[in-house]
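**Q** Here our numbering is used: the first residue of the sequence shown is 30, the next is one more, and so on.
Keep in mind the hints are simulated off the structure, nothing from the lab. Keep in mind it's a predicted model, so treat the numbers as computed, not measured. Worth double-checking, as some hints may not be accurate.
[What the hints assert, rightly or not] As a list, the in silico DSSO-like pairs of lysine-lysine whose alpha-carbon atoms are at most 27 Å apart:
1) K34 / K66
2) K118 / K92
3) K92 / K66
4) K118 / K60
5) K60 / K77
6) K118 / K77
7) K52 / K34
8) K118 / K66
9) K118 / K34
10) K77 / K52
[To be verified] Listed next, with one range per pair, are the computed distances between beta-carbon atoms:
11) I93 / N45: 17 to 25 Å
12) V30 / K119: 30 to 38 Å
13) S46 / H101: 34 to 42 Å
14) S46 / I89: 37 to 45 Å
15) K92 / M57: 27 to 35 Å
16) I89 / F44: 33 to 41 Å
17) I59 / I37: 33 to 41 Å
18) A39 / K66: 25 to 33 Å
19) P91 / N45: 35 to 43 Å
20) K110 / E48: 14 to 22 Å
21) Q99 / G74: 31 to 39 Å
22) D109 / T36: 34 to 42 Å
23) D111 / I37: 22 to 30 Å
Glycine included, C-beta positions come from ideal geometry on N, C-alpha and C.
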Amino acid sequence: VKLNKSTIDANSRFFNSIEEVPKYAITMGIKAIMQSKRILLVVNGISKADILYEALLGAITPKIPASILQLHPNLTVIADKDALSTIEKKAKI
């Protein structure tokens, strides 16, 4: 899909110049993701801590699309300590 200007602008911080920012991306829907043999979820940073908790341990809901990953039989999660902080606190791990 062709990315809109706001997406390109938002991603420009990861590149040396706006010209280097990709103008197109590949998208996958939940159905295609769930049909995968294996899913690897990589999460880092404190800003992801609450949503990671909800996605993995909260209710499965369309409000949190990643929560459907709870149903996948071969999900691997790699997360740093900051991303796991809410899980550690609320799940008493």
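**Q** Now look at each hint and say whether the structure bears it out.
**A** Now the hints, each set against the structure:
For the hint linking K34 to K66, the alpha-carbon distance of about 34 Å lies beyond 27 Å, and the restraint is violated. Proposed proximity of K118 and K92 is supported: the alpha carbons are some 23 Å apart, at most 27 Å. At roughly 24 Å between alpha-carbon atoms, K92 and K66 fall within 27 Å of each other, so this suggested pair holds. Under the criterion of a C-alpha separation no larger than 27 Å, the hint pairing K118 with K60 is inconsistent with the structure, at around 32 Å.
Taken as a hint, the K60 and K77 pair is honoured in the structure, with Cα atoms around 23 Å apart against an allowance of 27 Å. Pair hint K118 plus K77 holds up; C-alpha atoms about 14 Å apart against a cutoff of 27 Å. Our distance criterion of 27 Å between C-alpha atoms is met by K52 and K34, whose separation comes to about 9 Å. Between K118 and K66, the direct Cα distance comes to roughly 31 Å. Violation of the 27 Å bound is thereby established for this hinted pair.
For the hint pairing K118 with K34, the CA-to-CA distance comes to about 39 Å; that exceeds 27 Å, so the pair is violated. Note on K77 and K52: the hinted pairing holds, with a Cα-Cα distance of about 26 Å set against a maximum of 27 Å. The given range of 17 to 25 Å is broken by I93 and N45, whose C-beta atoms sit roughly 34 Å from each other. Judged by the Cβ atoms, the range 30 to 38 Å given for V30 and K119 holds: they are separated by roughly 36 Å.
For S46 paired with H101, a C-beta distance near 38 Å keeps the hint of 34 to 42 Å intact. The hinted range of 37 to 45 Å is satisfied by S46 and I89, whose Cβ atoms lie roughly 42 Å apart. For the pair K92 and M57, the supplied restraint of 27 to 35 Å is violated, since their beta-carbon distance comes to about 20 Å. Under the hint 33 to 41 Å, the C-beta atoms of I89 and F44, about 36 Å apart, fit the expected range.
Take I59 and I37: their Cβ atoms lie about 25 Å apart, and the range 33 to 41 Å is violated. Distance hint check for A39 and K66: the Cβ-Cβ separation is about 32 Å, which falls inside the suggested range of 25 to 33 Å. For P91 and N45, the Cβ-Cβ distance of about 38 Å falls inside the hinted range of 35 to 43 Å, so the restraint holds. A hinted range of 14 to 22 Å is violated for the C-beta pair K110 and E48, which are about 36 Å apart.
Range check, Q99 to G74: about 21 Å between beta-carbon atoms, so the 31 to 39 Å window is missed. In this structure the hint that D109 and T36 lie 34 to 42 Å apart at CB is violated, the actual value being about 25 Å. Taking the beta carbon of each, D111 and I37 are about 28 Å apart, inside 22 to 30 Å as hinted.
Of the hints listed earlier, those the structure fails to meet are numbers 1, 4, 8, 9, 11, 15, 17, 20, 21, 22, in rising order.
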